[in-house]
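Engineer: In this note's numbering, the protein residues as written are 1 to 131.
For the record, the hints were derived by calculation from the structure and aren't laboratory data.
Beta carbons: idealized from backbone N, C-alpha and C, even for Gly.
Be aware that a few hints might be false.
[Said to hold, decoys possible] What follows is a set of in silico ranges between Cβ atoms, one per label pair, in the way DEER data are often shown: (1) A47 to G103: 26 to 34 Å; (2) A102 to E11: 20 to 28 Å; (3) E62 to S39: 32 to 40 Å; (4) D4 to K115: 18 to 26 Å; (5) S39 to A130: 32 to 40 Å; (6) L65 to T3: 27 to 35 Å; (7) L74 to A130: 31 to 39 Å.
[What the hints assert, rightly or not] When the alpha-carbon atoms are kept at most 27 Å apart in a straight line, the in silico BS3-like pairs for lysine-lysine are as follows: (8) K88 to K123; (9) K43 to K115; (10) K60 to K43; (11) K123 to K89; (12) K89 to K115; (13) K88 to K43; (14) K115 to K60; (15) K43 to K58; (16) K108 to K18; (17) K58 to K18; (18) K60 to K88; (19) K18 to K43.
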Amino acid sequence: MSTDLLQQILEEINVPGKFRANLFVTTEGLVLASARNPSINEKIVAAMGSLLADAAEKAKQEINLSDIVSVQILYNDGLLLCRQIPVKKTFFLLAVLADVPAGNEFEKYNNDLLKWAVVNSTKLLEDLAAL
1 MSTDLLQQIL
11 EEINVPGKFR
21 ANLFVTTEGL
31 VLASARNPSI
41 NEKIVAAMGS
51 LLADAAEKAK
61 QEINLSDIVS
71 VQILYNDGLL
81 LCRQIPVKKT
91 FFLLAVLADV
101 PAGNEFEKYN
111 NDLLKWAVVN
121 STKLLEDLAA
131 L
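Let the hints inform the model, and build the full structure from the sequences given.
Structural biologist: Encoded structure:
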């Protein structure tokens, strides 16, 4: 099943990225798969990712920008990343809650992990979009 494979992809990047939570969600905030610390509410992370993507989409339209690639918000004690994954005529999100990056190398490493997850999930998300 596609969602089981999406779950495996998230688990592959969760430990090396030291993520508190990472999820594949629809732009409406529906969780498709997640890997997270049990103390993290996946529905809240999904909703925040969806709100970020929605705000970025509105900004895109208002100031005439191209499609969104990613959005991030840095807090004193965490980082919320949202990577948009275009699939056919719809979009999915990879939402990640991580610790504050320790430097540029750590940030680049996390970016590489997210790119890997997007590449390896696209076909699975295409299958889900076709349902």
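Engineer: Name the hints, by number, that the structure is in violation of.
Structural biologist: Number 17 - this is the single hint that the structure violates.
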